[in-house]
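K.L.:
If you want the building blocks of each chain, they are given just below.
8 protein chains.
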Amino acid sequence: MDTIDYEILKQLERNAKCTTKEIASHVHLSPPAVAERIKKLEEQEIITGYYASIDFKKLDRPIVALVLFKSSDCKKLSAFCCSHPDVLECYRVAGEISYIVKIATQSVETLEQFIDQAMPYGTPSTNIVLSGQKNMVF
Amino acid sequence: MDTIDYEILKQLERNAKCTTKEIASHVHLSPPAVAERIKKLEEQEIITGYYASIDFKKLDRPIVALVLFKSSDCKKLSAFCCSHPDVLECYRVAGEISYIVKIATQSVETLEQFIDQAMPYGTPSTNIVLSGQKNMVF
Amino acid sequence: MDTIDYEILKQLERNAKCTTKEIASHVHLSPPAVAERIKKLEEQEIITGYYASIDFKKLDRPIVALVLFKSSDCKKLSAFCCSHPDVLECYRVAGEISYIVKIATQSVETLEQFIDQAMPYGTPSTNIVLSGQKNMVF
Amino acid sequence: MDTIDYEILKQLERNAKCTTKEIASHVHLSPPAVAERIKKLEEQEIITGYYASIDFKKLDRPIVALVLFKSSDCKKLSAFCCSHPDVLECYRVAGEISYIVKIATQSVETLEQFIDQAMPYGTPSTNIVLSGQKNMVF
Amino acid sequence: MDTIDYEILKQLERNAKCTTKEIASHVHLSPPAVAERIKKLEEQEIITGYYASIDFKKLDRPIVALVLFKSSDCKKLSAFCCSHPDVLECYRVAGEISYIVKIATQSVETLEQFIDQAMPYGTPSTNIVLSGQKNMVF
Amino acid sequence: MDTIDYEILKQLERNAKCTTKEIASHVHLSPPAVAERIKKLEEQEIITGYYASIDFKKLDRPIVALVLFKSSDCKKLSAFCCSHPDVLECYRVAGEISYIVKIATQSVETLEQFIDQAMPYGTPSTNIVLSGQKNMVF
Amino acid sequence: MDTIDYEILKQLERNAKCTTKEIASHVHLSPPAVAERIKKLEEQEIITGYYASIDFKKLDRPIVALVLFKSSDCKKLSAFCCSHPDVLECYRVAGEISYIVKIATQSVETLEQFIDQAMPYGTPSTNIVLSGQKNMVF
Amino acid sequence: MDTIDYEILKQLERNAKCTTKEIASHVHLSPPAVAERIKKLEEQEIITGYYASIDFKKLDRPIVALVLFKSSDCKKLSAFCCSHPDVLECYRVAGEISYIVKIATQSVETLEQFIDQAMPYGTPSTNIVLSGQKNMVF
Numbered sequence: 001m002d003t004i005d006y007e008i009l010k011q012l013e014r015n016a017k018c019t020t021k022e023i024a025s026h027v028h029l030s031p032p033a034v035a036e037r038i039k040k041l042e043e044q045e046i047i048t049g050y051y052a053s054i055d056f057k058k059l060d061r062p063i064v065a066l067v068l069f070k071s072s073d074c075k076k077l078s079a080f081c082c083s084h085p086d087v088l089e090c091y092r093v094a095g096e097i098s099y100i101v102k103i104a105t106q107s108v109e110t111l112e113q114f115i116d117q118a119m120p121y122g123t124p125s126t127n128i129v130l131s132g133q134k135n136m137v138f
Numbered sequence: 001m002d003t004i005d006y007e008i009l010k011q012l013e014r015n016a017k018c019t020t021k022e023i024a025s026h027v028h029l030s031p032p033a034v035a036e037r038i039k040k041l042e043e044q045e046i047i048t049g050y051y052a053s054i055d056f057k058k059l060d061r062p063i064v065a066l067v068l069f070k071s072s073d074c075k076k077l078s079a080f081c082c083s084h085p086d087v088l089e090c091y092r093v094a095g096e097i098s099y100i101v102k103i104a105t106q107s108v109e110t111l112e113q114f115i116d117q118a119m120p121y122g123t124p125s126t127n128i129v130l131s132g133q134k135n136m137v138f
Numbered sequence: 001m002d003t004i005d006y007e008i009l010k011q012l013e014r015n016a017k018c019t020t021k022e023i024a025s026h027v028h029l030s031p032p033a034v035a036e037r038i039k040k041l042e043e044q045e046i047i048t049g050y051y052a053s054i055d056f057k058k059l060d061r062p063i064v065a066l067v068l069f070k071s072s073d074c075k076k077l078s079a080f081c082c083s084h085p086d087v088l089e090c091y092r093v094a095g096e097i098s099y100i101v102k103i104a105t106q107s108v109e110t111l112e113q114f115i116d117q118a119m120p121y122g123t124p125s126t127n128i129v130l131s132g133q134k135n136m137v138f
Numbered sequence: 001m002d003t004i005d006y007e008i009l010k011q012l013e014r015n016a017k018c019t020t021k022e023i024a025s026h027v028h029l030s031p032p033a034v035a036e037r038i039k040k041l042e043e044q045e046i047i048t049g050y051y052a053s054i055d056f057k058k059l060d061r062p063i064v065a066l067v068l069f070k071s072s073d074c075k076k077l078s079a080f081c082c083s084h085p086d087v088l089e090c091y092r093v094a095g096e097i098s099y100i101v102k103i104a105t106q107s108v109e110t111l112e113q114f115i116d117q118a119m120p121y122g123t124p125s126t127n128i129v130l131s132g133q134k135n136m137v138f
Numbered sequence: 001m002d003t004i005d006y007e008i009l010k011q012l013e014r015n016a017k018c019t020t021k022e023i024a025s026h027v028h029l030s031p032p033a034v035a036e037r038i039k040k041l042e043e044q045e046i047i048t049g050y051y052a053s054i055d056f057k058k059l060d061r062p063i064v065a066l067v068l069f070k071s072s073d074c075k076k077l078s079a080f081c082c083s084h085p086d087v088l089e090c091y092r093v094a095g096e097i098s099y100i101v102k103i104a105t106q107s108v109e110t111l112e113q114f115i116d117q118a119m120p121y122g123t124p125s126t127n128i129v130l131s132g133q134k135n136m137v138f
Numbered sequence: 001m002d003t004i005d006y007e008i009l010k011q012l013e014r015n016a017k018c019t020t021k022e023i024a025s026h027v028h029l030s031p032p033a034v035a036e037r038i039k040k041l042e043e044q045e046i047i048t049g050y051y052a053s054i055d056f057k058k059l060d061r062p063i064v065a066l067v068l069f070k071s072s073d074c075k076k077l078s079a080f081c082c083s084h085p086d087v088l089e090c091y092r093v094a095g096e097i098s099y100i101v102k103i104a105t106q107s108v109e110t111l112e113q114f115i116d117q118a119m120p121y122g123t124p125s126t127n128i129v130l131s132g133q134k135n136m137v138f
Numbered sequence: 001m002d003t004i005d006y007e008i009l010k011q012l013e014r015n016a017k018c019t020t021k022e023i024a025s026h027v028h029l030s031p032p033a034v035a036e037r038i039k040k041l042e043e044q045e046i047i048t049g050y051y052a053s054i055d056f057k058k059l060d061r062p063i064v065a066l067v068l069f070k071s072s073d074c075k076k077l078s079a080f081c082c083s084h085p086d087v088l089e090c091y092r093v094a095g096e097i098s099y100i101v102k103i104a105t106q107s108v109e110t111l112e113q114f115i116d117q118a119m120p121y122g123t124p125s126t127n128i129v130l131s132g133q134k135n136m137v138f
Numbered sequence: 001m002d003t004i005d006y007e008i009l010k011q012l013e014r015n016a017k018c019t020t021k022e023i024a025s026h027v028h029l030s031p032p033a034v035a036e037r038i039k040k041l042e043e044q045e046i047i048t049g050y051y052a053s054i055d056f057k058k059l060d061r062p063i064v065a066l067v068l069f070k071s072s073d074c075k076k077l078s079a080f081c082c083s084h085p086d087v088l089e090c091y092r093v094a095g096e097i098s099y100i101v102k103i104a105t106q107s108v109e110t111l112e113q114f115i116d117q118a119m120p121y122g123t124p125s126t127n128i129v130l131s132g133q134k135n136m137v138f
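Protein chains in written order, with full-length UniProt numbering: chain A, 1 to 138; chain B, 1 to 138; chain C, 1 to 138; chain D, 1 to 138; chain E, 1 to 138; chain F, 1 to 138; chain G, 1 to 138; chain H, 1 to 138.
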């Protein structure tokens, strides 16, 4: 990892569709040299994939919430959450609480359903997302 | 939005590098028809971008934490967090707490620095991420 | 729904005994036109009923409390509360807690009874109402 | 207050539009005797008014929340809440918390505005209402 | 109850050994009249008894604590506490918690024993008394 | 302190009006010997006084509460509480909270006044006493 | 215990390898007199041992945490913790919580394992140690 | 670091007075070879010192407590605690709370003093140590 690798990651993090040619002009290398470096970053699993980002608020899931759980059986809670269609991300954490789930759901009715189904595995504290922002890693 | 659009989103969410040809074979449409649909999804901002996903644990920021804040001035806390280089995501929420920040940082020393700098804007409760998982939207 | 409908709702919300003639003079329509609009608002279930408001503090239930529950079985708690004679309102909520009950009761003895009976369904935190106010919707 | 008075209150609580004639048939009194009793209940302010009940979820305020406040200046918080257009009910309470507000608001954006404006007067914990029920007093 | 009764209570509350003669000189009545009033206050159970107050800190129980319990079975907790030799007072309460016990005990070892024995009936939060004061009722 | 002293304390704790003669018959000593021992217990301030116990619920202060404070200035809170007419007992404690006050007050209105006046000195959590019991020390 | 004993403890607390000769020069006694006093302090178990202090952060256990437990069975929790290889110190406490454990562990994965194994015995709240300091007793 | 180094650390951790000869017989090396290894462990600051352990409960400080602080200015709290004579250890932590202090003090009066002095720097929650245990690192 040198500063050129960081610059390449910075470009791809902002736009995965960026061509090796475009990146090459940024880092003053030839496109094949850039392609070679990207391949290496992928092999080392520093780049773990390329994703389209979808605004589910525009689709049918306008309610986004971060649900904090105190749980005495995180493995069962995790198994439940990982297979629930409304769950976007879930984190096993060590702190005041033991599990944090990000969900996007259709309505307060489906939110109630999720909470009712999750309750046997832990005590939830629901926080409705009012607004959010993603920063770049680099 | 029809079931074909959903299928296209599903493909791109998993792999942004997926070609229109590959997607076309999945949805039984011609590649230009797929390209047209993708363009529309981009224009409607249902697809908000394409990103490389980077494993910052493999780089120089192995400590990932979700910091929950009780704050009486969320705007200032938000301004601070959005401009902090260790912050990956931040959420203004309504619930027991008022702000949730996801950070990836170098060491317990830099974690201490972040917390010290954030404290004037709110009371933090730090939860170290032990493990996590991202689900697909579709 | 237009501004005249809102004005009609505003009148009825303040006084359900308000006659169509009185409302008509406010909104500069004929009484039959007002009656027609009220009928529509009732059919659309925007107006859900007309109630006399009773000051139970003047009767035999001077202690009013808002009891917050953390519950792991909200359905059973809800069934219990909805059938309890002292309960005025109950809300299934998502946040730090999961259920909020408004009760009006005779004495600290009956309050203790309610809490004892409710405890198998959740952990209560009782807040005695010192004073309250109802705002109008419009 | 005798059992006939209670029966009259029970009728009016369920339907304020109930005629004295209808009530009279229930309580086996003449309509003028019923009217006399109702007048007395109004004069004693046991009946405090007659209201139309409006389903604001059907209008433009679909998000209903119960916001719990810890406040060190309840008078200022009360003054703010009582004059805020989204506030339906507010209660000064003694318990773990000091103030409870019921609001109905348009969107997560207006909820964020309410919370930001209320924060100088107390620390809010927001609970989104998933479902609710009103019981009759009698 | 008149102001003379209050004055008599005030004297006895401060000193139960106060004679009717001494009280009589305070309230400008004859000793028999005072005796009569005291008898009435005892019969109405306004005066519930006369007690010597003992400083158990000077004896063998130097550690005084107020233990707050969250309990889901207050009746069992109450039965346990009322029969425990270290317990001085116990209160069933409605608020954030459900039971408060005042104990005076010999050592941290006997405190640990009390807590271990009480734990099956509720979750204790122990507060060691650093200093205290009793006010007079009148 | 021997077992006879303990027996004397036990008698006086239950009934301060108990005569030396009555106690003497219990402990198999002469009344003057008992009187001598009581005098000593008073001089050592093991017996700190004799009090009439008053049931303020029967008078004009039916609402009894234990108010738990988190305070950052316990000295000021203590000064306020010790001089407040509704306060019966107050305790500086070390634990989750820092101050506990027992009050008996006239009505929810006077309770609200007490809380409003105490708030500048700490954050109160009010617990209404539903029932209580005093155990004997011996 | 006199001031010389305190001075001897102060020297040994800072450096257990300190010779009786070195200490003797500090306290103006002969080395045999110092040796005699040390022997007595050991026999009275005022000195409970001599330990090398090891920086486990430099070895394979860089993550140090203080885990606070609310437990309803402290004996079982204690048995578990005392035999766990990552646990450095454990305390049975009376306060808001009931058990505090200091652990040093290899990674977030082993931290997760510890928490998962401890959970059947109590609810943990994990606090990662950012920095620490040991003061001398004297 | 090899298994012999670990064995040496294990011996010294249990008894700093252990001679190189005694250790040598354990690890099947010559005493000079052991001395050489110990010197290296000291130079690498893996061994950070040798301490006598003192039972302050036997001296004049019988009350041991772990005080948890929520603080918005940890640097000032740390400066205060590090210079306070009753403080044994203090930890800056990231979790639900921000600072943990272990103190040994003379009496509830000196405990009250410590808390009063610390309060300007943070909100304390005091936990009295009932019993404790130190495990060996190896």
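Hints in this document: simulated from the structure, not taken from any laboratory.
All values reported here derive from a predicted model rather than from experimental measurement.
Among the hints, erroneous ones may be present.
Using 25 Å as the maximum straight-line C-alpha spacing, the simulated BS3-like pairs for lysine-lysine come out as follows [said to hold, decoys possible]:
hint, chain 1, residue 1, chain 2, residue 2
1, D, 10, D, 39
2, H, 21, H, 57
3, B, 40, A, 58
4, C, 76, C, 134
5, B, 75, H, 10
6, F, 39, F, 70
7, F, 75, H, 134
8, G, 58, H, 57
9, A, 58, D, 10
10, G, 58, G, 75
11, H, 10, G, 21
12, H, 40, H, 10
13, A, 70, B, 75
14, G, 134, G, 10
15, A, 21, A, 70
16, A, 58, B, 58
17, A, 40, B, 76
18, E, 17, E, 76
19, C, 57, D, 57
20, D, 57, C, 39
21, G, 75, H, 57
22, E, 58, E, 40
23, E, 134, F, 21
24, C, 134, C, 57
25, E, 58, F, 10
26, A, 134, B, 21
27, E, 39, E, 58
28, F, 17, E, 134
29, G, 134, H, 21
30, A, 17, B, 75
K.L.:
Does each hint fit the structure? Answer for all of them.
P.N.:
So, going through the hints one by one against the coordinates:
A hinted pair counts as satisfied when its Cα atoms are at most 25 Å apart, and residue 10 of chain D with residue 39 of chain D qualifies at roughly 15 Å. With a CA separation close to 34 Å, the supplied pair residue 21 of chain H and residue 57 of chain H exceeds the 25 Å bound. Between the alpha carbons of residue 40 of chain B and residue 58 of chain A the distance comes to roughly 13 Å, so the proposed pair stays at or under 25 Å and holds. The suggested pairing of residue 76 of chain C with residue 134 of chain C is violated, with an alpha-carbon distance near 29 Å, which exceeds 25 Å.
With a C-alpha separation of about 53 Å, the suggested pair residue 75 of chain B and residue 10 of chain H falls outside the 25 Å cut-off, and the hint is violated. As the CA atoms of residue 39 of chain F and residue 70 of chain F are separated by approximately 41 Å, the hinted pair breaks the 25 Å bound. Of the supplied pair hints, the one linking residue 75 of chain F and residue 134 of chain H is violated, its CA atoms being roughly 37 Å apart against a limit of 25 Å. With a CA separation close to 32 Å, the supplied pair residue 58 of chain G and residue 57 of chain H exceeds the 25 Å bound.
Note on residue 58 of chain A and residue 10 of chain D: the hinted pairing is violated, with a Cα-Cα distance of about 47 Å set against a maximum of 25 Å. Proposed proximity of residue 58 of chain G and residue 75 of chain G is contradicted: the alpha carbons are some 33 Å apart, above 25 Å. For the given pair, residue 10 of chain H sits about 28 Å from residue 21 of chain G by alpha-carbon distance, which is inconsistent with the 25 Å threshold. For the proposed pair residue 40 of chain H and residue 10 of chain H, the alpha carbon gap of about 16 Å is at most 25 Å, so the pair holds.
Taking the CA atoms of residue 70 of chain A and residue 75 of chain B, the gap is near 28 Å; set against the 25 Å cutoff, the hint is violated. At roughly 14 Å between alpha-carbon atoms, residue 134 of chain G and residue 10 of chain G fall within 25 Å of each other, so this suggested pair holds. At most 25 Å may separate the alpha-carbon atoms for a hinted pair to count; residue 21 of chain A and residue 70 of chain A exceed this at roughly 49 Å. Under the criterion of a C-alpha separation no larger than 25 Å, the hint pairing residue 58 of chain A with residue 58 of chain B is inconsistent with the structure, at around 34 Å.
With a C-alpha separation of about 41 Å, the suggested pair residue 40 of chain A and residue 76 of chain B falls outside the 25 Å cut-off, and the hint is violated. Restraint check for residue 17 of chain E and residue 76 of chain E: not satisfied, since their Cα atoms lie roughly 38 Å apart, outside the 25 Å limit. A hinted pair counts as satisfied when its Cα atoms are at most 25 Å apart, and residue 57 of chain C with residue 57 of chain D does not qualify at roughly 30 Å. A distance of roughly 19 Å separates the Cα atoms of residue 57 of chain D and residue 39 of chain C; the hinted pair therefore holds under the 25 Å criterion.
About 23 Å separates the Cα atoms of residue 75 of chain G and residue 57 of chain H, which keeps this hinted pair within 25 Å; it holds. Annotation: proposed proximity of residue 58 of chain E to residue 40 of chain E is violated, straight-line Cα distance about 36 Å (limit 25 Å). For the proposed pair residue 134 of chain E and residue 21 of chain F, the alpha carbon gap of about 31 Å is over 25 Å, so the pair is violated. With a C-alpha separation of about 15 Å, the suggested pair residue 134 of chain C and residue 57 of chain C falls inside the 25 Å cut-off, and the hint holds.
Under the criterion of a C-alpha separation no larger than 25 Å, the hint pairing residue 58 of chain E with residue 10 of chain F is consistent with the structure, at around 15 Å. In summary, the hint linking residue 134 of chain A to residue 21 of chain B is not supported, as the alpha carbons are separated by about 31 Å, beyond the 25 Å threshold. Restraint check: the Cα-Cα separation between residue 39 of chain E and residue 58 of chain E comes to about 35 Å, which exceeds 25 Å; the hinted pair is violated. A threshold of 25 Å between alpha carbons decides the hint, and for residue 17 of chain F with residue 134 of chain E the separation of about 22 Å falls inside it, so the pair holds.
Only pairs whose Cα atoms come within 25 Å are accepted, and residue 134 of chain G paired with residue 21 of chain H is rejected, the gap being roughly 31 Å. For the proposed pair residue 17 of chain A and residue 75 of chain B, the alpha carbon gap of about 33 Å is over 25 Å, so the pair is violated.
Comparing the model with each earlier hint shows violations of hints 2, 4, 5, 6, 7, 8, 9, 10, 11, 13, 15, 16, 17, 18, 19, 22, 23, 26, 27, 29 and 30; every other hint is respected.
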